[in-house]
Amino acid sequence: MRSKNTKITVISALAAIMLWLPEVAAHHGWAWTEDKQTEMTGTITEVFIGPPHPRLMIETDAGPWQVDLGNPRQTKAAGFVEGEAKTGDKVLIRGHRSANKDEHIIKAVRATINSKQYTFYPELLRED
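According to mature numbering (1 follows the signal peptide of the UniProt record, and there is no 0), the residues represented by the sequence shown are -25 to -1, 1 to 103, in order.
Hints were generated in silico from the structure; no laboratory data involved.
Each residue gets a CB set at the ideal place from its N, CA and C atoms; glycine is no exception.
Any given hint might turn out to be false.
Computed Cβ-Cβ distance ranges for the label pairs, DEER-style [claimed, not checked]:
1) Lys51 to Lys(-19): 39 to 47 Å
2) Gly4 to Asp36: 26 to 34 Å
3) Ala52 to Lys(-19): 39 to 47 Å
4) Lys(-19) to Asp36: 54 to 62 Å
5) Thr(-20) to Glu57: 37 to 45 Å
6) Arg101 to Val56: 22 to 30 Å
7) Ala37 to Lys(-19): 47 to 55 Å
8) Thr(-20) to Phe23: 34 to 42 Å
9) Val56 to Glu98: 15 to 23 Å
10) Thr(-20) to Ala52: 41 to 49 Å
11) Asp10 to Lys51: 26 to 34 Å
12) Phe23 to Lys91: 14 to 22 Å
List time: in silico DSS-like cross-link candidates among lysine-lysine, alpha-carbon distance up to 25 Å [as the list claims (entries may be wrong)]:
13) Lys91 to Lys76
14) Lys61 to Lys11
15) Lys51 to Lys65
16) Lys76 to Lys11
17) Lys51 to Lys91
18) Lys11 to Lys91
19) Lys61 to Lys51
20) Lys51 to Lys76
21) Lys65 to Lys91
From just these sequences and the hints, can you work out the full model?
What follows is the structure in structure tokens.
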């Protein structure tokens, strides 16, 4: 009986992982973004520092956007830590927009807040 319960548990766990993986993989890496690097400005409405990716929510002329920063280690290495930005701050984002035009998400290569630059992916920064 124990063996049967163990198999059911393992199969259930694997099924749950298989359903969860596409969500996790969806916005990791760069395959989901446009190749072109663009800039956008906005006002910060929310700051989240934590895994899997710290992020900002900003209000732009085109509406609300989610700004994915680097992973927690990259974000900290860029100098962006708790307290560096707050709701109401103006921000300039340089990064790659989602290739899906229905998603208002941009993966930031660099953010400029209060005249301070935070470069999350220095190897990818393109100055046009």
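So, going through the hints one by one against the coordinates:
no.	hint	in the structure
1	Lys51 to Lys(-19): 39 to 47 Å	42 Å, holds
2	Gly4 to Asp36: 26 to 34 Å	29 Å, holds
3	Ala52 to Lys(-19): 39 to 47 Å	44 Å, holds
4	Lys(-19) to Asp36: 54 to 62 Å	56 Å, holds
5	Thr(-20) to Glu57: 37 to 45 Å	43 Å, holds
6	Arg101 to Val56: 22 to 30 Å	26 Å, holds
7	Ala37 to Lys(-19): 47 to 55 Å	51 Å, holds
8	Thr(-20) to Phe23: 34 to 42 Å	38 Å, holds
9	Val56 to Glu98: 15 to 23 Å	21 Å, holds
10	Thr(-20) to Ala52: 41 to 49 Å	43 Å, holds
11	Asp10 to Lys51: 26 to 34 Å	27 Å, holds
12	Phe23 to Lys91: 14 to 22 Å	19 Å, holds
13	Lys91 to Lys76	29 Å, violated
14	Lys61 to Lys11	28 Å, violated
15	Lys51 to Lys65	20 Å, holds
16	Lys76 to Lys11	14 Å, holds
17	Lys51 to Lys91	14 Å, holds
18	Lys11 to Lys91	24 Å, holds
19	Lys61 to Lys51	16 Å, holds
20	Lys51 to Lys76	30 Å, violated
21	Lys65 to Lys91	11 Å, holds
Hint violations for this structure: numbers 13, 14, 20, all remaining hints satisfied.
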